[in-house]
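Chemist: Read top to bottom, the protein sequences are chains A and B.
Mapping the first sequence onto this note's numbering, position 128 (from 1) lands on 128, and the numbers just tick up by one.
Mapping the second sequence onto this note's numbering, position 124 (from 1) lands on 124, and the numbers just tick up by one.
For the record, the hints were derived by calculation from the structure and aren't laboratory data.
No experiment lies behind these values; they were computed from the predicted model shown.
Treat the hints loosely; a few may be bogus.
Here's a subset of chain A near chain B, in silico, CB distances under 8 Å, partners left out [to be verified]:
(1) T3
(2) R8
(3) L20
(4) R150
(5) A152
Covered by chain B, per the in silico footprint, the following chain A stretches (three or more residues, Cβ under 8 Å) [stated by the list, open to error]:
(6) 10-16
(7) 72-84
For every residue, glycine included, the Cβ atom is placed at its ideal position computed from N, Cα and C.
So you can see what is in the structure, the chains are spelled out below.
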Amino acid sequence: MDTDELIRAIAADAAPIRRLPHPMTRAVIWLALSATYVAAVVAVYRVLGSPVILSGDGRFLVEQLATVATALTAAIAAFCCIVPGRSRLIALAPLLPLAVWLASMGEACAATLRLFFSGGIAADGAWDCVPPSALIGLGPAILILLMLRRGAPLYPRSTVALGALAAAALGNLGLRLFHAGDVTVVMLIWQLAAVAGLTALGGLMGPRLLAWQRLRLRVEGRG
Amino acid sequence: MRELGPMNEGSDKDDLSYLMRLAQDGDRDAYARLLRQITPLLRGAIRRARPFLQPHDVDDLLQMILMAIHAVRATYDPGRPFLPWLMAIARNQIAEGGRRYARRAGREEPLPETFSEAGANIEADVNNGSYGDPEALKHAIATLPPAQQQAIDMLKMKEMTLKEAAAASGMSIAALKTATHRAMRALRKALLSEA
Chain A
1 MDTDELIRAI AADAAPIRRL PHPMTRAVIW LALSATYVAA VVAVYRVLGS
51 PVILSGDGRF LVEQLATVAT ALTAAIAAFC CIVPGRSRLI ALAPLLPLAV
101 WLASMGEACA ATLRLFFSGG IAADGAWDCV PPSALIGLGP AILILLMLRR
151 GAPLYPRSTV ALGALAAAAL GNLGLRLFHA GDVTVVMLIW QLAAVAGLTA
201 LGGLMGPRLL AWQRLRLRVE GRG
Chain B
1 MRELGPMNEG SDKDDLSYLM RLAQDGDRDA YARLLRQITP LLRGAIRRAR
51 PFLQPHDVDD LLQMILMAIH AVRATYDPGR PFLPWLMAIA RNQIAEGGRR
101 YARRAGREEP LPETFSEAGA NIEADVNNGS YGDPEALKHA IATLPPAQQQ
151 AIDMLKMKEM TLKEAAAASG MSIAALKTAT HRAMRALRKA LLSEA
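Chain A extracted, bound-state conformation (with noise of 0.2 Å):
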């Protein structure tokens, strides 16, 4: 097929479409249909008789406001990652969220290590807030990988390492509510090394979830 035949036949297939949104929208789209569904998690499992804890205290308000904070910014930047021609740098946005958010927790993480290191507390005990803070991170994972594929893949692997980064905060803010409260091994791992695995392997999953063929095959079959 030579170039005007192709143009030709790109342009019969021009039918009007729906431009996306701003990519500072298109988050707080996401992250309001995230936490509606979270906030749906939260009342099963408050029906399921299941503690959920709501605490008052400074540090634990002041982390979960960075790690919203962080979902939000994260999500800003993977959406503005598929729009062509605006700045990747936006993609630094979430660190400084990311950063009060670790340091939240920072005397926590330091208080465990002591203690783990000098056999003071188990590596057991807290698994069973593992399900629900997933099932928690599942729905919002999902869908910003959903509406990622609207996009322009043009850096598939920080976009979905974004993506990833955003809806495992939201997972932790999961774990938070359902947590018990009290600092174990397990919240450690979960928390700092459960973030940094998935949003280490959104980045190796990229370009499989966000890929060119994709679209392309998608123009093809409407040609």
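Fit chain B to the supplied structure of chain A, relying on the hints for placement.
Modeler: Chain B in isolation, oriented as in the chain A frame:
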């Protein structure tokens, strides 16, 4: 500020950003006009980034970019400049083309040369890389002695290896090499004298 394409300054209805907005709204004529206007820009970008590409490779890459633009046209925001959007896709597709080429090259093994002796190998067409008139070539082959015709058919047309051709024809490898070498010399002479 509205961004104008280099070929259409001063003409609002040909403004690239405006045309893209119309295209997003389903205006096929505007879309075709836009794609035709950006084609030279993209061709230039490809040539600057990959000056070693052959014209048909440039066209392949250009078509990849046009399809990518079509696939993600919903991501264009008419409130933003058009060219940075376009060139981000172009750069990405040019890089993607390079990666795809590297992946393909990594999977493929180089084909063995038909002949181990350089003198027995056929030189590529010195003029333009094609055989020119296929009818003239067919006619020239028909005038060759049967053994040379058979050697050309097996080694050049069917791209058999020397071993396969020797097994199929019963000729020795040395005889095949000689027959092909002579056939190619005769063909070159015949075709050049015709031209």
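Chemist: Work down the list of hints and note, for each, if the structure agrees.
Modeler: Tested hints:
1. T3: 6 Å, holds
2. R8: 7 Å, holds
3. L20: 5 Å, holds
4. R150: 7 Å, holds
5. A152: 4 Å, holds
6. 10-16: It holds: at least three residues are needed, and the region 10-16 of chain A offers 7 whose Cβ sits within less than 8 Å of chain B.
7. 72-84: With 3 residues closer than 8 Å to chain B, the region 72-84 of chain A meets the three-residue bar; holds.
When held up to the earlier numbered hints, the structure conflicts with none and fits them all.
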